[in-house]
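2 protein chains.
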Amino acid sequence: MAMSEFEIIRRYFADRGVRRADVVVGIGDDGAVVRLPPDSDLVTVVDTLVAGVHFPVETRPEDVGYKSLAVNLSDVAAMGATPAWATLALTVPRPDEAWLSAFARGFFELADRCGVQLVGGDTTRGPLTVTVQVQAWVPKGQAVRRSGAKPGDLIYVTGTVGDAGLALRAWQQKIKLPADHGDYLFARLHRPTPRSAEGAALRGLATTMIDISDGLAADLGHILEASGVGATLNLREIPLSASFVAVAGGWNEFHDEGDRLRVALTAGDDYELCFTVPATLRKRAEDIFSRFACGCRAIGVIESAPGLRLRQGDGTLLSLRQSGYDHFCQDRRDEGQ
Amino acid sequence: MAMSEFEIIRRYFADRGVRRADVVVGIGDDGAVVRLPPDSDLVTVVDTLVAGVHFPVETRPEDVGYKSLAVNLSDVAAMGATPAWATLALTVPRPDEAWLSAFARGFFELADRCGVQLVGGDTTRGPLTVTVQVQAWVPKGQAVRRSGAKPGDLIYVTGTVGDAGLALRAWQQKIKLPADHGDYLFARLHRPTPRSAEGAALRGLATTMIDISDGLAADLGHILEASGVGATLNLREIPLSASFVAVAGGWNEFHDEGDRLRVALTAGDDYELCFTVPATLRKRAEDIFSRFACGCRAIGVIESAPGLRLRQGDGTLLSLRQSGYDHFCQDRRDEGQ
Chain A
1 MAMSEFEIIR RYFADRGVRR ADVVVGIGDD GAVVRLPPDS DLVTVVDTLV
51 AGVHFPVETR PEDVGYKSLA VNLSDVAAMG ATPAWATLAL TVPRPDEAWL
101 SAFARGFFEL ADRCGVQLVG GDTTRGPLTV TVQVQAWVPK GQAVRRSGAK
151 PGDLIYVTGT VGDAGLALRA WQQKIKLPAD HGDYLFARLH RPTPRSAEGA
201 ALRGLATTMI DISDGLAADL GHILEASGVG ATLNLREIPL SASFVAVAGG
251 WNEFHDEGDR LRVALTAGDD YELCFTVPAT LRKRAEDIFS RFACGCRAIG
301 VIESAPGLRL RQGDGTLLSL RQSGYDHFCQ DRRDEGQ
Chain B
1 MAMSEFEIIR RYFADRGVRR ADVVVGIGDD GAVVRLPPDS DLVTVVDTLV
51 AGVHFPVETR PEDVGYKSLA VNLSDVAAMG ATPAWATLAL TVPRPDEAWL
101 SAFARGFFEL ADRCGVQLVG GDTTRGPLTV TVQVQAWVPK GQAVRRSGAK
151 PGDLIYVTGT VGDAGLALRA WQQKIKLPAD HGDYLFARLH RPTPRSAEGA
201 ALRGLATTMI DISDGLAADL GHILEASGVG ATLNLREIPL SASFVAVAGG
251 WNEFHDEGDR LRVALTAGDD YELCFTVPAT LRKRAEDIFS RFACGCRAIG
301 VIESAPGLRL RQGDGTLLSL RQSGYDHFCQ DRRDEGQ
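Protein sequence lines correspond, in order, to chains A and B. According to my numbering, the stretch in the first sequence is residues 1 to 337, in order. According to my numbering, the stretch in the second sequence is residues 1 to 337, in order.
Just so you know, the hints here were simulated from the structure itself, not pulled from any lab data. Hints are supplied without guarantee of correctness; some may be wrong.
[As the list claims (entries may be wrong)] Here are a few chain B residues that sit away from chain A, every Cβ distance over 10 Å (derived from the structure):
{"hint": "1", "residue": "11"}
{"hint": "2", "residue": "168"}
{"hint": "3", "residue": "171"}
{"hint": "4", "residue": "172"}
{"hint": "5", "residue": "179"}
{"hint": "6", "residue": "253"}
{"hint": "7", "residue": "293"}
{"hint": "8", "residue": "298"}
{"hint": "9", "residue": "303"}
{"hint": "10", "residue": "312"}
[To be verified] Here are the computed distance ranges between Cβ atoms for each label pair:
{"hint": "11", "chain 1": "B", "residue 1": "237", "chain 2": "A", "residue 2": "58", "range": "53 to 59 Å"}
{"hint": "12", "chain 1": "A", "residue 1": "321", "chain 2": "B", "residue 2": "179", "range": "58 to 64 Å"}
{"hint": "13", "chain 1": "B", "residue 1": "179", "chain 2": "A", "residue 2": "94", "range": "37 to 43 Å"}
{"hint": "14", "chain 1": "B", "residue 1": "228", "chain 2": "A", "residue 2": "140", "range": "38 to 44 Å"}
{"hint": "15", "chain 1": "B", "residue 1": "15", "chain 2": "A", "residue 2": "140", "range": "22 to 28 Å"}
{"hint": "16", "chain 1": "B", "residue 1": "179", "chain 2": "A", "residue 2": "225", "range": "51 to 57 Å"}
{"hint": "17", "chain 1": "B", "residue 1": "204", "chain 2": "A", "residue 2": "225", "range": "46 to 52 Å"}
{"hint": "18", "chain 1": "A", "residue 1": "225", "chain 2": "B", "residue 2": "37", "range": "32 to 38 Å"}
{"hint": "19", "chain 1": "A", "residue 1": "147", "chain 2": "B", "residue 2": "237", "range": "55 to 61 Å"}
{"hint": "20", "chain 1": "B", "residue 1": "60", "chain 2": "A", "residue 2": "147", "range": "33 to 39 Å"}
All values derive from a computational prediction rather than experimental measurement. Built from N, CA and C at the ideal position, the CB exists for glycine as well.
Please construct the entire structure, taking both the sequences and the accompanying hints into account.
Below you can see the structure in the form of C-alpha cells.
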C-alpha cells in the first residue's frame with residue numbers, strides 16, 4: 001500500500017467526531033477502554049457489509065460509511081439500548097484517498113448525530129468489506145429480547161415498510177423513478193434512519209422487539225419463533241409511505257394491492273422496529289408513540305396458535321404460506337443475508 | 001448459498017463452548033448482552049485476517065480459526081485485561097462444511113481454554129475474511145497503555161522472538177525444515193499462545209505494554225513514540241528459541257549473528273508481550289516473572305534521548321537506522337499489516 005495502515009487511520013479516522021467523557025483510551029493503543037454507567041448491562045452488535053453482496057459496488061462511499069453504522073445502530077435500537085462506542089474493521093483493495101475520505105464523512109455524519117465515538121478498529125488490505133461493531137448500554141436487566149411475546153400482545157411497527165425494497169428493485173431493474181419519490185425511496189435504501197430514540201423509549205414497555213432487516217414477515221417470524229407464539233397481521237394497517245404507494249401503484253409489474261403488499265412485507269433493509277406491547281399498556285404506549293416523529297402503528301396481535309396469518313381487506317385470512325410471502329422470505333434467507 | 005446464514009450459525013457456532021454466568025443474552029438476538037464485574041472498565045480489541053494477505057490461502061482452517069482469536073487475545077493481554085466475550089464476523093465464499101467445521105474447532109479450542117464465550121457475530125458471503133472482536137475487563141483505571149514509560153524503566157519481553165517470522169520465511173521460500181524444529185516453529189506461526197495470564201499479572205506493575213505483532217523493534221517503537229522517550233536494547237539479551245538458533249544458524253542466507261537478529265527484531269507475528277517496569281520494582285517484578293512458564297527477560301532500558309539504540313556483543317552502539325533494521329520495519333508497515 002502506498003499509504004500505510006497507520007497513515008490511513010491518522011488521516012481519516014483518529015481524533016475525529018464526538019469525544020465522549022466515558023472513553024478512557026480511544027484509537028491508538030492495543031485496545032479501547034471505556035467506562036459503562038453504573039448498574040448497566042453492555043449490549044454489543046456487529047454487522048458486515050460486503051461490496052457486491054450487501055451493496056452494489058457502485059454505491060457512493062459516503063453511503064457505505066453511513067449505512068455500515070446505521071444497520072448496527074438499528075440492531076442496538078432493537079435491544080432498547082443506548083449506543084455509545086463503535087469499532088470499524090475496514091478492508092480496502094487499495095488506499096484510495098477520495099473513497100476513504102467520503103466513506104469517513106458518511107460514517108462520522110451519523111456517528112456524530114447519534115453521539116457515538118469511534119474508539120478502535122483495524123484497517124487491512126483485501127476485497128472491500130466493512131465490519132462495524134457498536135457497543136451500547138441498558139439499565140441492568142432491561143434489554144428487550146425477541147422472546148417474551150404473549151397471546152394478546154399488540155404488534156407495532158415504526159415508520160413505513162417496503163420503501164428500501166422498492167428502491168433496490170428499481171436500481172436492479174434500472175427503472176427510473178420520478179425525482180421526488182425516487183430521492184425519498186433511495187434515501188430510505190442508502191441512508192436509513194436508525195430508530196435509536198424510539199428503541200430506548202420502549203424499554204420497560206415492549207415485551208419483544210426486532211429491527212426489520214430481512215423483511216417484516218421474516219423478522220416478525222423470528223419473534224414468533226423465539227416466543228413460541230403465532231400472530232395475525234391486518235394487511236390494511238401495514239404502513240406504506242406516499243412514495244411507495246405512488247411508485248408501486250404505477251409499476252405494471254405489480255398487478256394489484258396484494259403484489260405491492262408482498263414487497264412491503266418481504267423486502268429487506270427497512271430498519272424500522274417491530275415490537276410487541278401488552279394490551280393492558282396500550283394507552284401508556286400510544287402516548288409515547290405519539291411523540292415518535294417517524295410514526296408508529298398497531299398492525300396485529302399475538303396469538304397462541306403458531307404461524308403468521310394475514311387478514312385481508314375483506315376480512316378473510318390467509319396463512320403466510322398460502323399467501324406466497326413465505327416463499328419470498330425463504331428465498332431471501334437462502335441468500336445468506 | 002445452499003446453507004443459510006442461520007443454518008451455519010446453528011450448526012457450527014451457537015450453543016457451543018464455555019457458558020459464562022455473566023452472559024445475559026448470547027447468540028440469536030439482535031445483540032449480545034453481558035454484565036461486567038463491578039468497578040471495572042471495558043476493554044475492546046478487533047483484528048481482521050484476510051485470506052492471502054494475513055495468512056496463506058492454503059492455511060489449515062483450524063489454524064485460521066485458532067489464530068483469528070489468538071491475535072485478539074494477545075491485544076487484550078497487552079492491555080493487562082482479562083478476556084471474557086467474543087464476536088465473530090465471518091465472510092466465506094461458500095458454505096463449505098468441512099472448512100467451517102474445522103474453523104470452528106480451532107476457534108473454540110482456544111476460546112474454551114481461555115474461558116471466552118462467543119456471544120454474537122455475522123456470517124456473510126464474500127471473499128474469505130475473518131474479523132474477531134474480543135471484549136475484556138480490567139479493574140477501573142488499571143488498563144496498561146503504550147504511553148507512560150519513563151527514563152530508567154527496564155524493558156522486558158516474554159518468551160522468544162523471531163520464531164514465527166522464521167517459519168513464515170521458510171514457508172514462502174518453500175524451505176523444508178527439520179521435523180522437530182519445523183513443528184515448533186510452525187506452531188509458533190499458526191498457533192501463537194496469547195500471554196493472557198502474564199498480561200493480567202502485569203497490571204499495576206508495567207508502566208507500558210504492547211504485544212509484538214509487527215516485530216519487536218517496530219512495536220517497542222510505538223511505546224517509545226507514545227511515551228516520548230528512547231531506549232537502548234542489549235542485542236545479546238534478545239531471547240531466541242533453541243529451534244530459531246538451530247535453524248537460522250544453518251541457513252546460509254544468514255551470514256552472521258547480525259542477520260539472524262535482524263529477523264528476530266523485525267519479523268512479525270510473535271505475539272509476545274513487550275513492556276516496561278520501573279527499576280524500583282525490579283525485584284517484585286522478577287518474582288512474578290519467575291512464575292511465567294514462557295519466561296521473561298530484561299532486554300534494555302528506557303532513556304530520555306529519542307530513538308532506539310542497539311548495544312552489540314562488543315559493547316558498541318548502533319542506531320536502529322544504522323543497523324538497517326529500521327528499513328525492514330518500514331517495509332513491513334507499508335504493507336498495511
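Tested hints:
Distance to chain A confirms residue 11 (chain B) as a non-interface residue, since its nearest Cβ pair spans about 13 Å, more than 10 Å. For residue 168 (chain B), the non-interface assignment is confirmed: its Cβ lies about 17 Å from the closest Cβ of chain A, beyond the 10 Å cut-off. Residue 171 (chain B), annotated as away from the interface, keeps every beta carbon of chain A farther than 10 Å; the closest lies near 20 Å. The beta carbon of residue 172 (chain B) sits about 17 Å from the closest Cβ of chain A, which is more than 10 Å, so the claim that it is off the interface holds.
With a least CB separation of 33 Å from chain A, residue 179 (chain B) remains clear of the 10 Å interface cut-off, as annotated. No Cβ of chain A approaches the Cβ of residue 253 (chain B) within 10 Å, the least distance being about 27 Å, so the stated non-interface status holds. For residue 293 (chain B), the condition that its CB be more than 10 Å from all CB atoms of chain A holds, with the nearest at approximately 22 Å. For residue 298 (chain B), the condition that its CB be more than 10 Å from all CB atoms of chain A holds, with the nearest at approximately 21 Å.
Residue placement check: residue 303 (chain B) keeps its beta carbon more than 10 Å from all beta carbons of chain A (closest about 22 Å). Against chain A, the non-interface label of residue 312 (chain B) holds: every CB pair exceeds 10 Å, the least being about 29 Å. Distance hint check: the CB atoms of residue 237 (chain B) and residue 58 (chain A) are about 56 Å apart, consistent with the given range 53 to 59 Å. Roughly 60 Å separates the CB atoms of residue 321 (chain A) and residue 179 (chain B), a value that falls within the hinted 58 to 64 Å.
Range check, residue 179 (chain B) to residue 94 (chain A): about 40 Å between beta-carbon atoms, so the 37 to 43 Å window is met. Remark: the range hint 38 to 44 Å for residue 228 (chain B) to residue 140 (chain A) is upheld by a beta-carbon distance near 41 Å. Taking the beta carbon of each, residue 15 (chain B) and residue 140 (chain A) are about 25 Å apart, inside 22 to 28 Å as hinted. Checked against the given bound of 51 to 57 Å, the beta carbons of residue 179 (chain B) and residue 225 (chain A), roughly 52 Å apart, stay inside it.
Between residue 204 (chain B) and residue 225 (chain A) the beta carbon distance is about 48 Å. The supplied range of 46 to 52 Å therefore holds. The beta-carbon spacing between residue 225 (chain A) and residue 37 (chain B), approximately 34 Å, falls within the hinted interval of 32 to 38 Å. About 58 Å separates the C-beta atoms of residue 147 (chain A) and residue 237 (chain B), a value consistent with the hinted range of 55 to 61 Å. At about 38 Å, the CB distance of residue 60 (chain B) to residue 147 (chain A) agrees with the hint of 33 to 39 Å.
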